[in-house]
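Respectively, the protein sequence lines represent chains A and B. Per UniProt numbering, the first sequence runs over residues 1 to 393. Per UniProt numbering, the second sequence runs over residues 1 to 393.
Simulated from the structure, these hints should not be mistaken for laboratory data. For each residue, glycine too, the CB sits at the ideal point set by N, CA and C. Take the hints with a grain of salt, since some may be wrong.
Stated by the list, open to error - So, partial list: chain A residues that the calculated Cβ filter (under 10 Å) puts toward chain B: (1) Asp-86; (2) Tyr-109; (3) Ala-116; (4) Leu-125; (5) Lys-126; (6) Glu-144; (7) Thr-217; (8) Gly-307; (9) His-313; (10) Glu-346; (11) Asn-348.
To be verified - When the alpha-carbon atoms are kept at most 35 Å apart in a straight line, the in silico DSBU-like pairs for lysine-lysine are as follows: (12) B:Lys-164 <-> A:Lys-199; (13) B:Lys-29 <-> A:Lys-177; (14) B:Lys-164 <-> A:Lys-9.
There are 2 protein chains.
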Amino acid sequence: MSLIKEKVKQAIAILQELNIDMWLTYVRKTSEIRDPSLFFLTENTWLTWQTCFILTKEGKKIVIVGRYDAPDIKKQQIYDEIVSYDLGIKDELLNILERNKPETIAVNYSEDNVAADGLTYGLYLKLRKILEGTPYKDRLISSEKILTALRGRKIPEEVDRIKKAVEISEVGHELLKNNIQLGMTETDLANILKANNEKFGVEYAYPPLINVGPETTIGHGSPSSIITVKHGYLVNVDYGVIYDGYASDIQRLTYVLGEKETSVPLEVKKAFDTCKNAITEAADKIRPGMKGYEIDNIAREYVVSSGYPEFMHALGHQVGINVHDGGCLIGPKWEKYGRSPELKIEKNNIFTLELHVYLEKYGYCSIEEMIKVTENGCVFLTNRQTEPWVVKL
Amino acid sequence: MSLIKEKVKQAIAILQELNIDMWLTYVRKTSEIRDPSLFFLTENTWLTWQTCFILTKEGKKIVIVGRYDAPDIKKQQIYDEIVSYDLGIKDELLNILERNKPETIAVNYSEDNVAADGLTYGLYLKLRKILEGTPYKDRLISSEKILTALRGRKIPEEVDRIKKAVEISEVGHELLKNNIQLGMTETDLANILKANNEKFGVEYAYPPLINVGPETTIGHGSPSSIITVKHGYLVNVDYGVIYDGYASDIQRLTYVLGEKETSVPLEVKKAFDTCKNAITEAADKIRPGMKGYEIDNIAREYVVSSGYPEFMHALGHQVGINVHDGGCLIGPKWEKYGRSPELKIEKNNIFTLELHVYLEKYGYCSIEEMIKVTENGCVFLTNRQTEPWVVKL
């Protein structure tokens with residue numbers, strides 16, 4: 001069975017579990033703006049006119065689609081009923097609602113989960129107008145819970161694709177480490193990763209972040225073409241790829257020995273071990289049913305009690321079709337994270353665990369691993385970095 | 001000046017013209033879902049946390065952005081004021097509103113213009129909550145008019161990029177016509193276009209549509225790997241590319257002579273001439289200030305009065321960063337087109353003009369040209385097709 005057919009089947013099971021009668025994904029001109037849920041509902045079709053993808057608790061799979069877009073949807077053989085139209089979607093949609101009489105209709109909006117927030121406000125207003133004067137107008141609810149489950153609970157095919165993305169990233173990280181030279185810029189280092197992408201025929205999951213030494217700009221900025229590798233510098237690399245639609249997200253840390261050094265300075269070793277141990281602490285404690293912020297807090301307290309400042313980001317996010325996936329976040333209860341740290345961790349969620357300590361003399365000491373939550377804990381999808389990689393140049 | 005700097009300047013002039021105090025583009029995790037307006041507001045930055053791009057009638061250019069995303073925005077040197085935050089956007093946004101006291105705040109939602117409908121419903125709800133208890137809550141309006149003008153009125157740099165995209169498409173169309181062979185499938189023909197893309201280092205503006213002979217599937221479907229070129233078949237190709245962010249959209253028609261034929265059958269010639277003349281009629285009449293449906297109607301009536309059935313799509317759409325661009329549509333007043341056919345055509349709008357006649361014996365007879373609206377009429381950006389291309393195989 002194709003991935004999409006399996007995810008559609010999973011979505012229907014989730015509707016039953018949540019007791020939601022209907023899930024309605026309402027889109028138009030997907031080349032302009034694309035509801036991320038479409039990944040699970042159709043192959044990469046460009047939909048020009050308004051289109052409704054409808055799944056019901058009873059297992060009905062229906063699409064209402066403009067005539068010229070219909071043949072491609074039909075060819076994919078995912079839906080049992082494909083209704084095409086010429087002039088407008090209204091009558092067909094009302095007709096399907098009347099036939100199914102849903103008490104609850106989930107649509108894609110969410111304040112907290114961007115993955116469930118694919119319905120634009122203009123389309124929402126249009127939908128309200130279509131439903132004007134019908135009982136369905138007041139039956140719209142958020143599909144947040146559906147999408148949190150659907151994106152978060154990875155099926156085996158999704159796990160396999162992510163594992164492959166992890167493998168390709170790890171090869172790239174090794175390649176970069178083995179080719180570091182004095183005088184290389186951050187951009188030069190990024191080019192090694194680009195070559196790795198080309199070798200495997202994959203794209204970046206996000207623009208890679210390269211942090212060389214203490215002068216680097218921390219953040220999501222592009223690699224610098226000025227800052228160069230020098231003796232006694234940390235080289236932090238954050239690199240993930242998309243393999244067959246699914247992402248990886250991994251950070252590795254390399255230390256370039258000072259001219260007279262033979263091993264990593266104690267200050268670097270202590271910072272690295274703090275990050276590593278904080279990840280271990282969090283991974284040891286993780287269980288399905290715990291809330292995201294509870295795990296975040298374990299690592300956060302570990303770092304602070306080790307005498308370092310708090311890291312100003314979440315410990316871990318889910319990974320899937322997007323490098324930031326799913327609903328539950330292993331993060332602190334800060335305003336910008338909304339309710340996502342209060343959601344429960346579930347079996348088969350795939351998370352990053354990442355944190356840093358900044359060292360004024362050496363640079364950005366940061367690592368990032370990936371885990372899959374199991375029934376009783378978690379397994380690492382990455383080959384963990386247990387000490388800084390050391391290069392002598 | 002970079003394209004984005006010029007478009008930002010144009011946007012401020014449009015705010016003055018429309019007497020709108022502030023334009024607020026509110027986004028988050030742009031790798032998940034991306035407001036199309038961002039193309040004109042920032043270089044291709046991945047924004048992870050909530051971000052506000054703010055332009056005011058007085059010419060202020062402000063961004064509120066998460067700390068880790070700030071360096072990249074700063075590097076672009078487009079904005080005068082860049083406010084970065086760690087925990088949440090609320091206080092900074094309220095502070096900027098209090099300092100500027102806008103009476104009207106345009107945000108990106110529109111029922112009719114997908115190009116102005118980049119704000120998701122979840123983010124809209126979040127924005128309303130931020131503004132709760134302030135006078136600004138009731139000052140939100142649609143940015144539809146701003147974006148209709150900003151996307152529709154092409155500046156010279158945009159026209160140049162589109163012309164280049166047109167040129168590359170035209171080379172591809174010629175290449176395909178010169179390489180048609182009997183027995184080639186629609187997919188084989190599409191591969192010729194793919195090679196043309198690779199030669200010029202461009203991407204498709206949309207998946208190309210190839211219609212070979214009478215058995216083809218009309219619509220936005222993928223080219224068939226079964227239907228092949230035969231004697232006496234029409235080959236219709238719809239092919240556009242993206243050059244430096246801007247699209248082209250052109251259809252060309254080729255006739256494969258029957259074994260004993262030396263010229264195009266009269267039935268094909270008459271259908272082609274009807275399409276061509278309908279385009280000429282529409283282009284001759286077009287003037288800034290006219291409404292979209294008025295021009296559509298000229299071509300529509302011409303086709304029907306020539307004895308053919310009405311074509312079930314709009315005569316022309318705008319082209320820009322998306323192959324379907326801008327606000328005004330040269331189309332009929334059908335439900336699915338909303339108010340867009342009633343908007344006014346403006347100087348420097350770039351439109352397609354396209355229509356078809358279906359011939360049961362030969363196939364899909366369709367052509368598509370591109371025009372730029374001028375002060376007194378229009379100029380063609382395409383080298384018009386004046387008769388079907390003929391190949392003898």
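Here is how each hint holds up against the structure:
no.	hint	in the structure
1	Asp-86	holds, 5 Å
2	Tyr-109	holds, 4 Å
3	Ala-116	holds, 7 Å
4	Leu-125	holds, 5 Å
5	Lys-126	holds, 5 Å
6	Glu-144	holds, 8 Å
7	Thr-217	holds, 5 Å
8	Gly-307	violated, 21 Å
9	His-313	holds, 7 Å
10	Glu-346	violated, 20 Å
11	Asn-348	violated, 21 Å
12	B:Lys-164 <-> A:Lys-199	holds, 31 Å
13	B:Lys-29 <-> A:Lys-177	holds, 30 Å
14	B:Lys-164 <-> A:Lys-9	violated, 46 Å
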